[in-house]
Amino acid sequence: MGLYLLRRVLAMVPTVFLVSLVSFTIIQLPPGDFLDTVVANLSQQGQTIEPAQLAALRQRYALDQPMVVQYTTWITNIVTRGDFGQSMLYGKPVSELIGERLPLTLGLGVSVWLFGWAIALPAGIYSAVRKYSLGDYVLTSMAFVGIAVPGFLLALTVAFIQFRYFDKAVGGMFSPEYADAAWNLGKLLDFLDHLWLPVLVLSLGGIGGTIRVLRANLLDELRKPYVVTARSRGLSERRLLVAYPVRVALNPFIATVGWLIPALFDGEVLVSTVLGLETTGPLLLRSLESQDMYLAGSIIFIACVLTVIGTLISDILLVLVDPRVRAGYA
Amino acid sequence: MDPALLRVRGLRTHFASPEGVVRAVDGVDLVVREGQTLCVVGESGCGKSMTARSILQLVDPPGRIVDGEILFRLGAPAEPRAAAAEHGVVDLARLDPRGRAMRRIRGKEIAMIFQEPMVSLSPVHTIGHQIAENIRTHQDVSKKEARDRAIEELRRVGIPRPEHRVDAYTFQLSGGMRQRAMIAMALACRPKLLIADEPTTALDVTTQAQILELLQELQEQLGMAVMFITHDLGVVAEIADEVAVMYLGLVVEQCGVDELFHDPRHPYTKALLESVPTAGPRAKQRLTTITGSVPHPYHRPKGCPFHTRCRQAIPGECDHKLPPVLATGTADHPGSRAVRCLLYQTPADVAAGVDTLGEVSR
Amino acid sequence: MTTVNADRSHTDAPSGAASADVLLRIRNLSMRFQLSSGFLGLTGRTSFHAVREVNLSIRRGETLGLVGESGCGKTTLGRCVLRAYKPTHGELAYRREDGTVVDLARLGRGELRPYRREIRTVFQDPNSSLNPRMTLLQIVGEPLLVNDLARGAELRDRVAEVLRLVGLRPEYMRRYPHAFSGGERQRIGIARALVTRPRLVVADEAVSALDVSVRSQILNLLEDLQEQLGLTYLFVSHDLSVIRHLCDRVAVMYLGRIVEEGATDDLFTRPRHPYTESLLRALPLPDPRLRSTKKRVPLRGEVPDPASPPPGCTFHPRCPYAQGRCATDEPALIPLGRSAAARCHYADSLQLAGVTDS
Amino acid sequence: MNDPVSDPASDPVRDPDRDEEIYVAPQYKLVWWRFRRNRLAVAGLVVLGFLYLLAAFCEFWAPHTQDHYRAVYSYAPPQRIHVSFDGGVHFFVYGYKSRPDPETLLRTFTVDRSTRVPLRFFPRGETYQLWGLFGTDRHFFGPVKPGDPMYLFGADEQGRDLFSRLIYGSRISMSVGLVGVFLSLALGVLLGGISGYLGGITDNLIQRFIEFFMSIPTLPLWLGLAAAIPSGWGPITSYFAITIILSLMGWTGLARVVRSRFFQIRSEDYVLAAELDGVRRMRIIRRHMLPAFTSHVIASLTLSIPGMILGETALSFLGLGLQPPVVSWGVLLNDAQNVRVLSTAPWLLLSGAAVVVAVMALNFVGDGLRDAADPYES
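Residue numbers (this note's numbering), protein chains in the order written: chain C, 1 to 330; chain H, 1001 to 1362; chain S, 2001 to 2358; chain E, 3001 to 3378.
Bear in mind the hints are in silico, worked out from the structure with no lab data behind them.
Since the structure is predicted, the reported quantities are computational estimates derived from the model, not experimental observations.
Facing chain C, from chain H, some residues (calculated, C-beta under 8 Å): (1) L1058; (2) R1104; (3) R1106; (4) M1112; (5) E1116; (6) V1119; (7) S1120; (8) L1121; (9) S1122; (10) P1123; (11) V1124; (12) N1134; (13) T1137; (14) H1138; (15) Y1169; (16) F1171.
C-beta: ideal position from N, C-alpha, C; glycine also.
Given these sequences and hints, build the entire structure.
Put into structure tokens, the structure is as follows:
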């Protein structure tokens, strides 16, 4: 097991390297380097920048050097100093900007994941066990709708309904009166009041998918002979279901816990933009619109790295729950 | 002498589908006697597996027991459920398949083993866990005790180093060892009847011999009855006390094993025996064959299901009338036999082996 | 193309027959498989011999049975003969119609093509060996078409002819395999094997998947066809009763090696290798009256892992007669009489029990 | 255990008269028969056929061209079609009465029951070139007088007819999926096929590469790439750029499907049988292997189209995908970003409904195809 872990962690290195290359490429895609963009932007606003300052920045990010050196400087700055570069849009270090928003993104992600599974797992199991019952039909059609309705459209619709019929502006995680207040009960309740909508909207697509996949997996498992064997030994239906097929059918989900992170980044960008949440998604979008490429590339890089880590966690979990996988690496 | 432990009468298990109804089991009668081995033999598609599953109500939808009784004599009179049933006999067909009464019988009174232990055992639990779970389902023992018992059971079925193998997963065992583990699991609660559904079909001959030997040993030790389902007449000759021959959802003949091989009555039984190549004295002689193949269950022939392939079929009779069961003696008597064939008109014909065409069989 | 000298004598092969009679002589044939594991398949590489130094002769017009438990290498040997695998070592000396002898083991893909129609096979599972997306005509006619043996109306006629031969109605040739029962599908498989008018047919468990009543039909058919067409069969099976019924000679395999070879009746009534005896003893006989006559001592243990076979005689850990030297010395194939041999140190001295004839 | 009885649904045989038809039925017929039994899938297929028909001849179906605008009808609400039966059957909509709101300066519309806008089939309207082949001014349906207001789904800010624009948008939105899927397919089949055919280290490397691709969050990367598309590119170039970006992310799943099917089929006995028949490699692939996985691949393709459609919609909605004057459902939704605008003109969300309908139809069809893909396995 220890050896397996070590091998897996080592295998991450090339992946992270590739991911950093991709992110760096994205930073480099627009014509000119980012200082050109900064200068252009500033001069548009009628400001200028000190040539000396410009040269210092140029040297810090090795912009006058060949691409390889630029990349090396970029990645070295990240690894050794946590310096992701400078956001010209906000005039702040990228690390600071992301540091402000990442906790909310991840918090939202965890809530979405917990809420999604809390709904989808029982629903999927019910749907499979009571195949072709009324409940199954209802859940399955809801799952289909959940998959087909894009999250941002749902967010838009809900926001519209709240605005039009409840006269409630949607946006942010806090009402104005609590935005800068210290944490207290009122603020917490206000936070929760703002939280449910994004969580609901973000989890819906995932719930639909999970229900459908779990139902299919479980139906496959329920057909397997070992279920009949267990039944022939006098186990009650409930114990039998939980101890055997459900456990096996859940394995693929444990294996894909890691994919939840990219899925979150996917959904979150749009929904947060619509709902005006202060997460990394809208930050990424704004940075892309204004070609603030250090910021954009860094967010993509961090999202990718988190995904790689998530995949690792998945693999470890899978080894822990499935003896067949464990035996393969024992 | 040997009273009936299980008596199946007129069992019908049907599968409804949009295309029509498949009558997988269609009027099966058979008897399993206490401490004896009944082999159910037949070709694929004859409904022998479904009969076995119906007994424990393990038929998956859209399959359903539509008719018949499955009378099982319960063990100790102290059994609380037995009080409800007349003379300690329950009709398993009338129990709720998910109910407590049925579950108390499964694994405790009647246990079952299957053809492919690899897929019939849980892939994510150790064999020890599964045996212990079986014990704890039916008996009030501690986890530790159940585990010790599981090791004991594994030792009994001849698994070497059981205290080590108790923590093995099925995929870590060889085919023979898996089948032994499955037997250990089935017998952990000392059932009175073991239903074995082709347990040696997937095994090599040498392993098959080991497993058959083991089953017979355990049967002697534990005094249980065995209902053994197979398509291999060699296996039948080795282990059976009595044999039921099935064809298209019907038992066409049930009798003692010696009568079956040396004095069969039903034309299908006769044809089946003749078509088997024997490892006995060899001559490159042609085998006697049965023409055609088993009809698809959707195209079940009318009348006697075998008439389409029967050499002795009587036109106008066999293709119309479903032959009734003719039984000699009482069903509880050893030496009694039952046949479903229009060639015999009275139980006396069956006993004498004279069919109505005046031909003395063999 | 390698040509083997036709009248080279093989003293180590036990067949006493004149070599002109021999259709295929297998010499020192070995087949080793590589197993790779680990990241990018680089870390672990093991290999095992599925077939090890096999010598065997198949005579024209006979049925040679190849018997053994699963994993003994009998299927691999059959596939080497068919050249589905390229043997890692050894020779497959095949005598052509005109008397020249060719070593099939050394031929490349293209060079093999002419022999593909002379050596044919019947598969075990008639369900998976017939392409469900092709009609009978396409399935049975394909070997004719791709080998430029016939096309158009002639192809249709030849397919119809062979279908009739195996007992199927030629009108069915537009149907797909799903229209047929298991036994009929096996007939289709046989028709496909025979349509090119082969000389040698390798039948790998050809009747094992069939029901008793259908199995006897197919066995009869195979015998009739052999007589009519002068076929030679290599019949691979684990079922001793079928082997005894069908085969003239039998070779018994254990862990990739031939352990005994002999005429069927001799081998069944007086086995010379302890493994053969165990196999025969394990065979259930379809007569309850023989129960008491059999010694009820099943073979101990299980087949060892072929990747790490035991030293000495590979059978010694399970052998009831094993002695000290069996664990260290590897026995050679000892010739016994005219066309029999056994790979056992004590093949001459052991008195082993065969099948008792009732 | 191998009782064929245990799965009676596996055999489509019903009445003996049909047997011969089934016996000689090639694969596509069997697939179709199985597909047909799935009602949702058939319904999805009908909707899909309708949508693609709409997309193919959008100029004809739409009463107006996509850019036809009349500023006076800015945010005019949807009208209902009425029927009158005096002297034959006549369709009409009521006209609008409007006055500007003194506060918001937006016009508010009320239905004017005194004016009727008569409608008819095949009216003359603006001229258009159908498929660049021939010009005509006939539309399927529209106001008798070309200038009359007809806004069945309401109007946008510039007074353009949302109904017509939705129909026009279907062309891009529905085709992005198709084109993208074919690009994905090309990549997937190529790499999956190489991976499956060569096996060994090549396979291993390609698999690692695919895993790497799958571990990248899709949308951020799409956004990154889409943002890098120069704004100067013309509509057609950027359309293809977007499609390529979408398909770059979609091919991995297909490659996996292709590879696993390939492995599965390669180990089938009938492929070995063909090899032993002396069939050449190319013929084995063409005659024995490809037919066995086309149906599966088509099913997977159908199931990956929705992802492409949603991707395009998302990108365009964010303003990073296709840009006006190009019309797609995503571009139309871009107008609906603001909740305040939405509260004035909620009908702008209708293009979202179109997306949902298309995606659901595709999912139903894909599911049905997947279930029917292998009629031989029971």
